[in-house]
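Single-letter residue listing:
Number of protein chains: 4
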Amino acid sequence: MVEPLRVAVIGAGYWGPNLVRNFEACPETDLVAVCDLDVERARRVLGRHSTVTATSSLEAVLADERVEAVAVATPARTHLEVVLAALDAGKHALVEKPLAASVAEGRKLVEAAAARDLVLMCDHTYCYTPAVTRIRELVQAGELGEIQWVDSVRINLGLVQTDVDVLWDLAPHDLSILEFILPDGREPLAVAAHGADPIGAGRSCVGYLTLPLRHGAIAHVHVNWLSPTKIRTTVIGGSKRTLVWDDLNPSQRISVYDRGVDLASNVTGELRREALVSYRMGDMTAPALHEGEALRRVVAEFAACVREGRSPLTDGQAGLRVLRVLEAASESLGWGGTMVPLGAWK
Amino acid sequence: MVEPLRVAVIGAGYWGPNLVRNFEACPETDLVAVCDLDVERARRVLGRHSTVTATSSLEAVLADERVEAVAVATPARTHLEVVLAALDAGKHALVEKPLAASVAEGRKLVEAAAARDLVLMCDHTYCYTPAVTRIRELVQAGELGEIQWVDSVRINLGLVQTDVDVLWDLAPHDLSILEFILPDGREPLAVAAHGADPIGAGRSCVGYLTLPLRHGAIAHVHVNWLSPTKIRTTVIGGSKRTLVWDDLNPSQRISVYDRGVDLASNVTGELRREALVSYRMGDMTAPALHEGEALRRVVAEFAACVREGRSPLTDGQAGLRVLRVLEAASESLGWGGTMVPLGAWK
Amino acid sequence: MVEPLRVAVIGAGYWGPNLVRNFEACPETDLVAVCDLDVERARRVLGRHSTVTATSSLEAVLADERVEAVAVATPARTHLEVVLAALDAGKHALVEKPLAASVAEGRKLVEAAAARDLVLMCDHTYCYTPAVTRIRELVQAGELGEIQWVDSVRINLGLVQTDVDVLWDLAPHDLSILEFILPDGREPLAVAAHGADPIGAGRSCVGYLTLPLRHGAIAHVHVNWLSPTKIRTTVIGGSKRTLVWDDLNPSQRISVYDRGVDLASNVTGELRREALVSYRMGDMTAPALHEGEALRRVVAEFAACVREGRSPLTDGQAGLRVLRVLEAASESLGWGGTMVPLGAWK
Amino acid sequence: MVEPLRVAVIGAGYWGPNLVRNFEACPETDLVAVCDLDVERARRVLGRHSTVTATSSLEAVLADERVEAVAVATPARTHLEVVLAALDAGKHALVEKPLAASVAEGRKLVEAAAARDLVLMCDHTYCYTPAVTRIRELVQAGELGEIQWVDSVRINLGLVQTDVDVLWDLAPHDLSILEFILPDGREPLAVAAHGADPIGAGRSCVGYLTLPLRHGAIAHVHVNWLSPTKIRTTVIGGSKRTLVWDDLNPSQRISVYDRGVDLASNVTGELRREALVSYRMGDMTAPALHEGEALRRVVAEFAACVREGRSPLTDGQAGLRVLRVLEAASESLGWGGTMVPLGAWK
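Protein chains in written order, with the numbering used here: chain A, 1 to 346; chain B, 1 to 346; chain C, 1 to 346; chain D, 1 to 346.
Hints may be right or wrong, so weigh each one.
Covered, in the sense of this in silico footprint (three residues per stretch, anywhere, with C-beta under 8 Å from a C-beta of chain D), are these stretches of chain C [stated by the list, open to error]: (1) 107–116; (2) 256–263.
Calculated cross-link-like contacts (lysine-lysine; reagent style DSS-like; alpha-carbon spacing at most 25 Å) [as the list claims (entries may be wrong)]: (3) C:240 with D:230; (4) B:230 with A:230; (5) A:240 with B:240; (6) D:108 with C:230; (7) A:230 with D:230; (8) B:240 with A:230.
These are calculated hints, taken from the structure and not from any lab test.
No residue lacks a Cβ here, since even glycine has one placed at the ideal position from N, Cα and C.
Pulled out of the complex, with its shape left as it was, chain A reads as follows (with noise of 0.2 Å):
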């Protein structure tokens, strides 16, 4: 038996205390500190019985050498600092999305962990639900065939944030996914941003982001914190197969349909203006998934790349991935949607 991985969280807002549940749960973990500004924060979430540190000091934290790791679940502002200072006390890093404020920024952490050996870890919650696992298998084993188009929609009544647009809030979620889903070669090669404030908030509350991906395919999201009906649905349309994801059906969330249009395949050039088309209209198989919460296996994700050195599924790097399109998207909004290249994606 593995001793369990020594813990403490920083940030007990929004995120932190679904942090503290499961690292209270999962028999790989231990928490030993929750940390927060206000402390009281930092005790309501623990409870009247915890034995486990409350404290408004980070100093202490990651002087305490009972912690090995931290989870850091403060704004994305803070993250340079706060992520800096741990990996310096040497301890390994679980850090929420997004990675930090900047591509600058978050090339910074990951220089950081690479330089001391440590564990730094990208919190893509999504990544590790059974439905995001299931598709990454799908489209890997090749049962969805050629990516040729994926639509993604994550919509809500959301929190309007007073320091980051919609597209800094919500896309990082769907970014993420794509990054972790699409296989090399299908990368996202540019991006162009629409958005709209037609409440006066001061920024983006409603965004679309543009993704062209090679071979002629294409990514498109669209993000909205003003929507009274929430949808979070994403399509991935195959050459072989098209797989619907929608979160909010939990007694079906992935439907994989058999259903496509083909083209004569020795069409070229002009003649394709009048190609053949076919169309397949298959049956629909919708897998089962062992429900389960994926921040569970996020913290048993991070414990096992601690104890066993190596690197986790959402590392550093796919969140720099994610912070590339999200800088390039805000260029893209500064300058009325125009499409900006991202350069090399892996």
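Assemble the complex: chain A is given as a structure, and chains B, C and D must be docked to it using the hints.
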């Protein structure tokens, strides 16, 4: 009792049979002829026991003195020639969407009809559905407040057309609805179009339109021929309420949510970055809609306009407005998604 | 090419127009007359330009030598007289559900048709839908294993009938489907009926049927005229798989779940109380169904049976089986829900 | 500030952990002990770092002077012994549904609590959901008019219990909701139960209850352990409006339809057979419901009742009413579905 309008249907392909059925069933119209290059197809549409004329000669139809009006359901590229001939022969015209193959051609039709004082009506069928009728009433009565965002999705495993891309095939629906329901002062200012042809069909099979509206509002359209699941949903976000129209849910097509985000109204300039936001979480109402085929109301409106000498709800100008966006979208597509200004809309 | 079957439709009320439309569209049939006590109604169904005979005289139709067969869409209480007259005149007959107003009357029709060697077909329309066709195939191929339970719900804000209760109005659909798909040896043994008339209509507006099947299986039907929401769902639980048919979900009418409960098979007697149970949580498959109007297949089957001299899929015996359950259900209702045995079913 | 109620949870199996979590999170309660025959299970529920007592000794818990009240989450067959012991020790008791294994046992508990002036509360959790709270308000305010019919479906691939059938396992939910929302004068008069055990489990796995209410109204319950799809829907038909509660649709749990059938009110006797009927087709409204865990409100109500010395919303009498129906249902089941009168309900 007004005498029924005597009509000939030109084109017995995909849409023609629906026109035939409705002209036959509507008391205000009287079908006298069906014309198709393939006269057998015209006959099949009429059935074994009909006394209605079936012919392959457009000239004969236009020379037939019984015929007061025509309904043209031929491909868009033929509209200029066919509709112009009909107008020249003194026939009123109901024309399938899009009105013509270009703004220039459409304008010729509008001018020809005006010069001859004939009714030119665009068959923007959706505008005659009980749902869109009610949406327009709600918008115009101010029930939604200021329109802030519109998101329209129309995806399906559709027929890949050989002469037009997915934008010209499907977006006329969304654009005609948009121009029908948007109040003056909220019209699109420009359009950016993105498309993809991942199957190598020679034209876009997936398309996205972004349309900035005045006052920071935005409209967005997703049309797609490659989706194995069918979605026809339009969300209209307003400052007071938000409306969701799901055309595939006959038991609840329209849902009006009294939910949204409000900004403290006296916040300006830099302060907006820390603006106070409040959330409304009120009830939802799904107004009762009488069912009824939209096309039946199209042919009744057409007959009424001819008899009353008035302009249709969806006249040639409405058709031109749709064409203007489509043309600009094609231009944007050609330039990699650049934002193309639309000029004056109404 | 076989000559089309020359048909007259008797009754142009609720269902008649659908028969007319399908007889006109089907190449294997030729509509020659429509008969209704209200001849104007018959004319309206045919439209302005039809050469098909409209008449109010049943005698004239039955005397018309062109007429080979009739489709009877008059109220059930008139079936005995109308259908018997048609059979006496040597006409084949397609009869709306229920076959007649009682088992006794239905049996007379079956015997009369047999005596004259004429086709007597029951228009159990649902049995000709692609969904029910597929369900029957799956059941008969053993894909579901042994049928363990069937639960059928058919509720709607329906027309409160003046002559029959909700069981006689709606349950013929469920019962005809049941007798169509259930394999031999799984037929209902008895029926208990419960009903309610909470609006004081003078007859049950809400009805429930419980039908014990052999081997511990059960079927249950809920029919209801008072529901503001429409549900048409049948679940068929089998020892291997369970099928859900949602007729109002055109994109996924049939879902076959490889999920269920298995009992350790060697457990008997008292031990069963502590029996080991295991759960299967496999995939779900939604088979592709070609769309197509069921009534079109009804009229084609009718024509084929006459021409080929064979018995229809839903013959008079099928109609009798439905009547037997309805009669027993009425009896049960009268006795407060007592279980009424059905005797031999097939 | 009232002092928090000091509580021990008895039984750390299926439901116990939920009680533990809510007693820990609720400011009005203070968890002091968890008792389970398997003390390791009790410890696991509490986690590594808790100072709350874990024990396998019920005697120790009842002797513990800190403990003012217990929450009993052991199997129903043990309730008589465990709860009676707790009451004898002067502890207030919150008891899982069903209150006891029989009416006789339940009555002993009610009498014991009354004799000692202790609070006896039944954990009819659903009655504390925002949905049921709102339904009860709407019914009692007359918004639905007279209740005409109730149809409740609770089906799932559930755990086949080894000691109770599906009626005793699941129907307590529906029956407790029914007794909670039905106004006086609309209570069930009798019950008929049908069941099936098609897998040979030794007890019913599929169950139906029919409950005639006064004034021609009816309630019906379908519970089922064998369904691969999960349904939890209750429809409440009223003379003015009809309410649909779909507990699995978090975005629209309650829909209130202003749709229905009206009968001309002055029609009586035989004339009813030809009665004039009219249909209302009004809007639907989905009231906004604040989310919130029902069990949290259960424990808060329990604490408030003890501190205020008042009777809970779901007291022992409510538990007895549910038991009375369950017992009569078992009797009906044994007699092949005969209608068993319930006697006075409230």
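- Task: Quick one: which hint numbers does this structure break? Sort them smallest to largest.
- Result: Checked against the structure, the hints that fail are numbers 1, 5 and 6, while the rest are satisfied.
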